[in-house]
Amino acid sequence: MSKNLSALSRRHFQMQNTSRRPKITVTADGTGIVSQAGGLLLIRALRATGLDRGLSVALERWRPGRAVHDPGKIITDLVVALALGGDCLADAAMLRAEPDLFGPVASDPVISRLVARLAGDAPRALTAIRAARAAARQRAWELAGDTAPGADGGLLPISSSRARRISCSRARSEAPSRKVPTVSACSSGDNVPR
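With the working numbering, the residue at position 181 of the sequence shown is 215, and numbering never jumps.
Treat each hint with caution, since some may be false.
[Stated by the list, open to error] Simulated restraints, written as ranges between beta carbons of each label pair: (1) A101 with R171: 26 to 32 Å; (2) A168 with P133: 30 to 36 Å; (3) G119 with R95: 28 to 34 Å; (4) P138 with R95: 17 to 23 Å; (5) R81 with P143: 23 to 29 Å; (6) A131 with A178: 29 to 35 Å; (7) E94 with A71: 28 to 34 Å; (8) R164 with L75: 21 to 27 Å.
It should be emphasised that the hints constitute simulated quantities derived from the structure, not laboratory data. Every residue gets a Cβ at the ideal spot worked out from N, C-alpha and C, and that includes glycine.
Construct the entire structure; sequences and hints are all you get.
Structure, rendered in structure tokens:
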């Protein structure tokens, strides 16, 4: 009976992988080398935090009626291209060159039109993007939990070359806020959040 149940379970409860991107596998055999694999790791982080979905929802109002490409995906592609060393909209072409990793990437004219639409409604667009980022940031902290750097209120090293440290709190006497502080030089030579 357990043999029949096992066969039935395999047949009826198998799930299909609906992910658009392949599973990451690291090998040292020299086959399947991909030049922009680091971008895939960034995309996985965007997915884990929900930033990809958050941007898609937040930017839906700027999607033309018959558009093929999701504005959130376009912005995500631009972020990945920037992280991989790109410095202009056309650098999304490096993602387009790896469709197995990055999926469909919008053409340069489509990207330019989206950027123009967002720029034409900049206050609203920035508010939408910031809200998506805030939700993703919160999710990242939730995922990290007590293992997050600075969760204990301790100092975070930010530069190994100059031994600069910052605190996760807004001021040294406050409790940790888990916000990413900006760093400014102080007269004492220390760097503290501002």
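Is the gap between the beta carbons of A168 and P133 within 30 to 36 Å? With Cβ atoms ~31 Å apart, the hint holds.
If you check the beta carbons of G119 and R95, does the distance land in 28 to 34 Å? holds (31 Å)
Is 23 to 29 Å respected by the C-beta to C-beta distance linking R81 and P143? holds (27 Å)
Using the Cβ atoms, figure out if R164 sits within 21 to 27 Å of L75. holds (24 Å)
Range hint 17 to 23 Å: satisfied by the CB atoms of P138 and R95? holds (22 Å)
Take the C-beta atom of A131 and the C-beta atom of A178, compute their distance, and say whether it sits inside 29 to 35 Å. This hint holds: roughly 33 Å between Cβ atoms.
Lying within 28 to 34 Å: is that true of the beta-carbon distance E94 to A71? holds (30 Å)
Kindly confirm whether 26 to 32 Å is satisfied by the beta carbon distance between A101 and R171. holds (28 Å)
The structure fails none of the hints (numbered hints given earlier).
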